[in-house]
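> Residue numbers (the numbering used here), protein chains in the order written: chain A, 182 to 393; chain B, 30 to 201.
Calculated from the structure, these hints are not laboratory results. Don't take every hint at face value.
Simulated DEER-style distance windows between Cβ atoms [stated by the list, open to error]: (1) B:166 x A:292: 32 to 38 Å; (2) B:46 x A:211: 32 to 38 Å; (3) B:94 x A:211: 23 to 29 Å; (4) B:58 x A:358: 38 to 44 Å; (5) B:100 x A:200: 48 to 54 Å; (6) B:161 x A:259: 34 to 40 Å.
Straight-line distance between alpha carbons at most 30 Å, and here's what the computed DSSO-like set of lysine-lysine pairs gives [what the hints assert, rightly or not]: (7) B:199 x A:268; (8) A:268 x A:298; (9) B:80 x A:268; (10) B:164 x B:77; (11) B:199 x B:93; (12) A:298 x B:150; (13) A:219 x A:268; (14) A:227 x A:268.
Just so you know, these numbers come straight off a predicted model, no measurement behind them. Every residue gets a Cβ at the ideal spot worked out from N, C-alpha and C, and that includes glycine.
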Amino acid sequence: MKEDIISKLTDAQLDALKEVGNIGAGNAATALYQMIGKKVNMSVPKAAVIPLAEVPEVLGGPEVLVAGVFLRVLGDAPGSILFVMPKDSALYLVDILMGRPVSSTQVLSELDQSALKEIGNILASSYLNALSSFTGLTFLPTVPALAVDMAGAILDVILAELGQLGDYALLIETRFQAESAHVEGHFFLIPDPGSLLVILRTLGVDSNGASN
Amino acid sequence: MLYLGLSGLIVMGQVIRVGIADLNIGRSPDVIVTLGLGSCVGVALYDKVAKIGGLAHVMLPDSKQARSGQNPAKFADTAIPLLIEKMERAGASRSRMVAKIAGGAQMFSFSDKNLQLNIGKRNVEAVKAVLAEEKIPLVAEDTGGSYGRSVELHTDSGKFVVRTVGHGIKEL
């Protein structure tokens with residue numbers, strides 16, 4: 182059973198995933214620096230594999246306002262990426278990116294939305310590159326899409342797409358720090374059914390008793 | 030219990046929460062609530078004589094396309110019959126039941142049409158087909174669009190309140 186393998190993930194295995202996250206975050210910080218000329222520190226305080234049904238709780242409940250960037254990942258281990266942050270954090274990041282005074286943005290313009298998608302894109306590519314160099318697998322991210330709405334509503338699309346088979350998400354919590362404030366984002370890599378096993382196996386942390 | 034409903038009204042009865050891929054029933058003056066519907070569909074059934082209502086938070090159209098042995102409340106084709114059965118056991122009559130539905134949005138739109146997640150539309154279609162099969166009239170709906178919804182069924186009146194972020198509140 183896939184679920185058994187996932188529920189038996191050891192600390193060492195999660196550390197390996199967190200390390201992938203940290204390297205990815207480092208790469209993303211460099212990319213952001215090149216884009217906006219400002220130092221944005223990024224760190225990964227936590228990596229975890231969680232049941233999909235608990236994802237809304239991680240974000241503070243189904244009605245919390247969030248910005249979500251979603252993209253599909255094609256390649257050797259297909260899946261989806263969802264990068265979610267509280268709406269306030271998204272506005273803050275947009276202000277930094279666009280070089281405006283912090284908390285001047287209340288409504289996201291078309292350009293702001295593109296900026297957020299770009300952040301999602303940079304993060305996704307950076308994490309996927311790190312994961313790729315660890316595993317030797319090829320990952321190809323697609324063009325991102327953005328939604329700003331209730332957390333439950335944003336997640337439910339992803340839960341539905343995966344709920345037919347997959348029941349777990351790999352969560353890489355990401356913390357941004359820029360100009361003395363910090364905002365938090367939640368980065369979910371949601372492997373398609375079967376893909377998580379492929380990833381763990383190539384990371385050399387396959388649990389014994391794998392059935393397929 | 031004092032509870033300010035989605036429309037700001039004070040609710041006298043019990044507030045019954047329905048989670049994702051979940052369902053529940055209540056009787057007057059209870060209020061049944063489910064939050065943050067995106068592509069999922071909230072299906073409310075109501076018998077105005079018995080004043081018994083039921084609400085399901087349906088996630089997927091068809092249980093036959095999924096792994097067996099899953100939670101029946103997840104799928105339109107299994108959740109609705111189960112909801113009807115629960116309401117009948119509580120004293121409602123199928124012949125008096127009417128349905129109101131909300132949700133089925135498309136939260137993300139992609140430039141690449143191959144990646145379009147049209148699960149919301151498929152959910153709405155499946156819910157309608159199952160309701161027709163069960164011969165329960167659909168009297169009101171607020172579906173589609175690209176925004177999330179929270180819904181609330183008032184079992185004293187059958188009123189179905191739909192709240193959105195930035196698209197107002199509706200009473201069905």
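> Is residue 227 of chain A close enough to residue 268 of chain A, meaning Cα to Cα at most 30 Å?
Given pair residue 227 of chain A, residue 268 of chain A holds - Cα atoms ~21 Å apart, limit 30 Å.
> Holds or violated: 32 to 38 Å for the Cβ distance of residue 46 of chain B and residue 211 of chain A?
With a Cβ separation near 45 Å, residue 46 of chain B and residue 211 of chain A fall outside 32 to 38 Å, so the hint is violated.
> Does the Cβ-Cβ separation between residue 161 of chain B and residue 259 of chain A fall within 34 to 40 Å?
holds (36 Å)
> Honestly, do residue 166 of chain B and residue 292 of chain A meet the 32 to 38 Å range at C-beta?
About 47 Å separates the Cβ atoms of residue 166 of chain B and residue 292 of chain A, which means 32 to 38 Å is violated.
> For the pair supplied as a hint, residue 298 of chain A and residue 150 of chain B, confirm whether the alpha-carbon distance does not exceed 30 Å.
Distance of about 25 Å is within 30 Å: holds.
> Given the hint of 38 to 44 Å, check if residue 58 of chain B and residue 358 of chain A actually sit that far apart at their C-beta atoms.
violated (50 Å)
> Is it true that the C-beta distance of residue 94 of chain B to residue 211 of chain A lies inside 23 to 29 Å, as the hint says?
Hint violated: Cβ distance 43 Å, outside 23 to 29 Å.
> Quick check on a hinted range of 48 to 54 Å for residue 100 of chain B and residue 200 of chain A, using CB atoms only.
For residue 100 of chain B and residue 200 of chain A the Cβ distance comes to about 35 Å; the hint is violated.
> Tell me if the straight-line CA distance from residue 199 of chain B to residue 93 of chain B falls inside 30 Å.
Distance of about 34 Å is beyond 30 Å: violated.
> Does residue 219 of chain A pair with residue 268 of chain A here, judged by a C-alpha cut-off of 30 Å?
The hint holds at about 22 Å.
> Against the 30 Å threshold, does the CA-CA distance of residue 164 of chain B and residue 77 of chain B hold or violate the hint?
Holds - the C-alpha atoms of residue 77 of chain B and residue 164 of chain B are around 17 Å apart, at most 30 Å.
> For the pair we were handed, residue 199 of chain B and residue 268 of chain A, check the Cα-Cα distance against 30 Å.
Holds, at about 24 Å.
Violated hints, in rising order: 1, 2, 3, 4, 5, 9 and 11; the structure is consistent with all others.
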